[in-house]
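Colleague: The residues making up each chain are set out below.
Number of protein chains: 2
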Amino acid sequence: MNIALLGFGVVGRGVYDLTLDRSDINVKYVVCLEDVQLPGVTVTRNYNEILADESVDTVVEAMGGLHPAWDFVKAAIEAGKNVVTSNKAMACTFYDELLPLVQEKNVLFRCTAAVGGGIGWLSELGRVRRCETVLSVGGIMNGTCNYILDNMTRLGLDYDVALKQAQNLGYAEANPSTDVDGIDTWHKVILSSNVAFGVSLDKQSVPVSGISKIKACDVAAFKAHGYTCKLISTGKRTDSGFSAYVQPTLCPADALEAHIPMNFNLITFEGAAAGRQSLYGQGAGRYPTAYNVVQDLCDLLLGNGFYAPCEGSVAARNNEQLRFYVRGASDAWLESVTAEIWDEGIVTAPVAVDEMHAWLKNHPDAFMAAIR
Amino acid sequence: MNIALLGFGVVGRGVYDLTLDRSDINVKYVVCLEDVQLPGVTVTRNYNEILADESVDTVVEAMGGLHPAWDFVKAAIEAGKNVVTSNKAMACTFYDELLPLVQEKNVLFRCTAAVGGGIGWLSELGRVRRCETVLSVGGIMNGTCNYILDNMTRLGLDYDVALKQAQNLGYAEANPSTDVDGIDTWHKVILSSNVAFGVSLDKQSVPVSGISKIKACDVAAFKAHGYTCKLISTGKRTDSGFSAYVQPTLCPADALEAHIPMNFNLITFEGAAAGRQSLYGQGAGRYPTAYNVVQDLCDLLLGNGFYAPCEGSVAARNNEQLRFYVRGASDAWLESVTAEIWDEGIVTAPVAVDEMHAWLKNHPDAFMAAIR
Numbered sequence: 000m001n002i003a004l005l006g007f008g009v010v011g012r013g014v015y016d017l018t019l020d021r022s023d024i025n026v027k028y029v030v031c032l033e034d035v036q037l038p039g040v041t042v043t044r045n046y047n048e049i050l051a052d053e054s055v056d057t058v059v060e061a062m063g064g065l066h067p068a069w070d071f072v073k074a075a076i077e078a079g080k081n082v083v084t085s086n087k088a089m090a091c092t093f094y095d096e097l098l099p100l101v102q103e104k105n106v107l108f109r110c111t112a113a114v115g116g117g118i119g120w121l122s123e124l125g126r127v128r129r130c131e132t133v134l135s136v137g138g139i140m141n142g143t144c145n146y147i148l149d150n151m152t153r154l155g156l157d158y159d160v161a162l163k164q165a166q167n168l169g170y171a172e173a174n175p176s177t178d179v180d181g182i183d184t185w186h187k188v189i190l191s192s193n194v195a196f197g198v199s200l201d202k203q204s205v206p207v208s209g210i211s212k213i214k215a216c217d218v219a220a221f222k223a224h225g226y227t228c229k230l231i232s233t234g235k236r237t238d239s240g241f242s243a244y245v246q247p248t249l250c251p252a253d254a255l256e257a258h259i260p261m262n263f264n265l266i267t268f269e270g271a272a273a274g275r276q277s278l279y280g281q282g283a284g285r286y287p288t289a290y291n292v293v294q295d296l297c298d299l300l301l302g303n304g305f306y307a308p309c310e311g312s313v314a315a316r317n318n319e320q321l322r323f324y325v326r327g328a329s330d331a332w333l334e335s336v337t338a339e340i341w342d343e344g345i346v347t348a349p350v351a352v353d354e355m356h357a358w359l360k361n362h363p364d365a366f367m368a369a370i371r
Numbered sequence: 000m001n002i003a004l005l006g007f008g009v010v011g012r013g014v015y016d017l018t019l020d021r022s023d024i025n026v027k028y029v030v031c032l033e034d035v036q037l038p039g040v041t042v043t044r045n046y047n048e049i050l051a052d053e054s055v056d057t058v059v060e061a062m063g064g065l066h067p068a069w070d071f072v073k074a075a076i077e078a079g080k081n082v083v084t085s086n087k088a089m090a091c092t093f094y095d096e097l098l099p100l101v102q103e104k105n106v107l108f109r110c111t112a113a114v115g116g117g118i119g120w121l122s123e124l125g126r127v128r129r130c131e132t133v134l135s136v137g138g139i140m141n142g143t144c145n146y147i148l149d150n151m152t153r154l155g156l157d158y159d160v161a162l163k164q165a166q167n168l169g170y171a172e173a174n175p176s177t178d179v180d181g182i183d184t185w186h187k188v189i190l191s192s193n194v195a196f197g198v199s200l201d202k203q204s205v206p207v208s209g210i211s212k213i214k215a216c217d218v219a220a221f222k223a224h225g226y227t228c229k230l231i232s233t234g235k236r237t238d239s240g241f242s243a244y245v246q247p248t249l250c251p252a253d254a255l256e257a258h259i260p261m262n263f264n265l266i267t268f269e270g271a272a273a274g275r276q277s278l279y280g281q282g283a284g285r286y287p288t289a290y291n292v293v294q295d296l297c298d299l300l301l302g303n304g305f306y307a308p309c310e311g312s313v314a315a316r317n318n319e320q321l322r323f324y325v326r327g328a329s330d331a332w333l334e335s336v337t338a339e340i341w342d343e344g345i346v347t348a349p350v351a352v353d354e355m356h357a358w359l360k361n362h363p364d365a366f367m368a369a370i371r
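From first to last, the protein sequence lines are chains P and H. In this text, residue positions in the first sequence follow numbering that gives the first Met the number 0: the first is 0, and each later residue adds one. In this text, residue positions in the second sequence follow numbering that gives the first Met the number 0: the first is 0, and each later residue adds one.
Simulated from the structure, these hints should not be mistaken for laboratory data. Predicted, not measured: the structure shown is a model, and the values here were computed from it. Think of the CB as a built atom: it goes at the ideal place given N, C-alpha and C, for glycine as much as any other residue. Careful, some of the hints might be misleading.
Unchecked claim - Pair ranges (Cβ atoms, derived):
#1 H:L168 to P:H224: 26 to 34 angstroms
#2 H:T237 to P:T41: 36 to 44 angstroms
#3 H:R129 to P:G197: 46 to 54 angstroms
#4 P:P363 to H:R21: 44 to 52 angstroms
#5 P:Q320 to H:P349: 50 to 58 angstroms
The following block holds chain P by itself, in its conformation from the complex (with noise of 0.2 angstroms):
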């Protein structure tokens, strides 16, 4: 397999290590800004050289972001090479171009990096819906975010602090809002739900509410109740369809997620005879991603694509009543849910997830979780 690695960063730098042993897997070309010399490999900017070279049979995205990487990516396949990524905003954001394109050119493209890093989950995914109906999959799927909420709540630290912390470590970027908003976990709870259900869910029909609003105040009230906040992400059948979410979530202590530290990530998935599983590891990181990218490759090397066919885009209705804690915002509406008041923030009565989140839309100073 002679393989073309978009971009030398992390993950590609990564990929590069943990292939150059491996005699069925040959870096050809690099494409990167940065000026670099690796025995062996033709380092380019001109992508069209990649396309045009048919001993290139796979394409390895490791860019990041959405442009140029689909722009690649779809030429790519165009021209009918095989590709491995770990870029969940693409896979997601394009799945509706992506996975006919694959179909229609007859090539592979698995993306298991894409969501828990290191973590076999995709891939455990696909094989789990081999035999099994799955119910539900989610749980936590940014360490960033476990990082921040982890520090607050065993330290007693302010928001501001346990993300600077983060960031002077390097689980948090200068600019961290795509992980602190819940974009990152958006991303990979959809992802995830379209392999679990064989389904593309609507993007705009899963609503997401992130963690930068939270507060030690906050973080001493959960305490004080005896639950931790995490930020869960959840997608699950339901009576009339599927229903899909991200929230920051108060966890009570006999619940596993409430025990995962620092950066780890803790994925679960339903199944109708497997019954609940979760798998646990560092989401994130230099190899445990290329190593996954790797495992991929060598998927391919068997034949094996994508992990689910698609049969059709669906919205998520999230009709779910759940209890919520909120601070930060008022009106007439969240008075006239309010059951209980929580120190400096109010616990409503159970709520429509679709109800509470478009609230919280309209009130974008408040912090808001729910109660398991």
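Got chain P; can you put chain H on it based on the hints?
Modeller: Quick look at chain H alone, frame taken from chain P:
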């Protein structure tokens, strides 16, 4: 695929139920002593009939125990049939005969349900091995022990009471020895190590101690020192080869193992690139276990056989120095290594695992737990 199902108990019945609607897997025979009627299935006690039927390509062994399970499996392989089993005792005990025979007869053999019930542990381990050096395997592999220890820890119960509860709820058998003495876990960690490292571990070199001597006073002492006791298995690469053992282990509150509830399992591997990852779920039960048998049948349909080649036999050497809690016996050696007193027990200075287990063999009434 036409299969013969050996045994129609918990697992066998589950496999029958889960394959009922499948067009690719047809149960042609059921071998059992009970008088059951199954439409379209030949129920027989005459195993030779199955061996002689060339349309039967696969035998599913779901009888449990060593004999006649192994004799039936051996005869099936010799007759050129593929085999799937959930029988860890058999797969582990006859590993050295089984694998060469499978290779010689060019058939497929899988046993994913043998470790972790419905958890895709062995199949994931097989995937990991494709592009990764596995450094260690292990964890909580026995739901019965975890149920008993969890109830002792949460409720302060004594061992006999917790065992009785587990028996009443069907989590422990009338004769619980295989579970509580660690034999079940021992089979599972040997099998896991064999797959992870591509070897056949000399079983006698893998020491095991169980939980049947634990008392409420031990658990109270562990709690007072911030520890939770779990039955933990370990298999790992060392500088000089491999190490493997099963022993009660005191886990600190920040270890995920300390928070595994009820009859759940948490099975962990560490890979050179992939890092530390765990799989969590209920390690037993009719449908989870049967589900993984059906997964193995799907793999057979794809031509996927055993998870790893075996490159030869090795003895485990357990020179690792650990601190141990010991209660219930003493002698001059134990006094010479005693570093602390914990209530009715003592805590040793670091002692080699093999040395501690050798001592315990001569003091069968003592309870011992390693400290992490």
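Colleague: Evaluate each hint against the coordinates.
Modeller: How the hints compare with the structure:
1. H:L168 to P:H224: 26 to 34 angstroms: 30 angstroms, holds
2. H:T237 to P:T41: 36 to 44 angstroms: Given about 42 angstroms between the Cβ atoms, the range holds.
3. H:R129 to P:G197: 46 to 54 angstroms: 26 angstroms, violated
4. P:P363 to H:R21: 44 to 52 angstroms: For H:R21 against P:P363, whose Cβ atoms are near 51 angstroms apart, the range 44 to 52 angstroms holds.
5. P:Q320 to H:P349: 50 to 58 angstroms: Since the Cβ atoms of P:Q320 and H:P349 sit about 55 angstroms apart, the hinted range of 50 to 58 angstroms holds.
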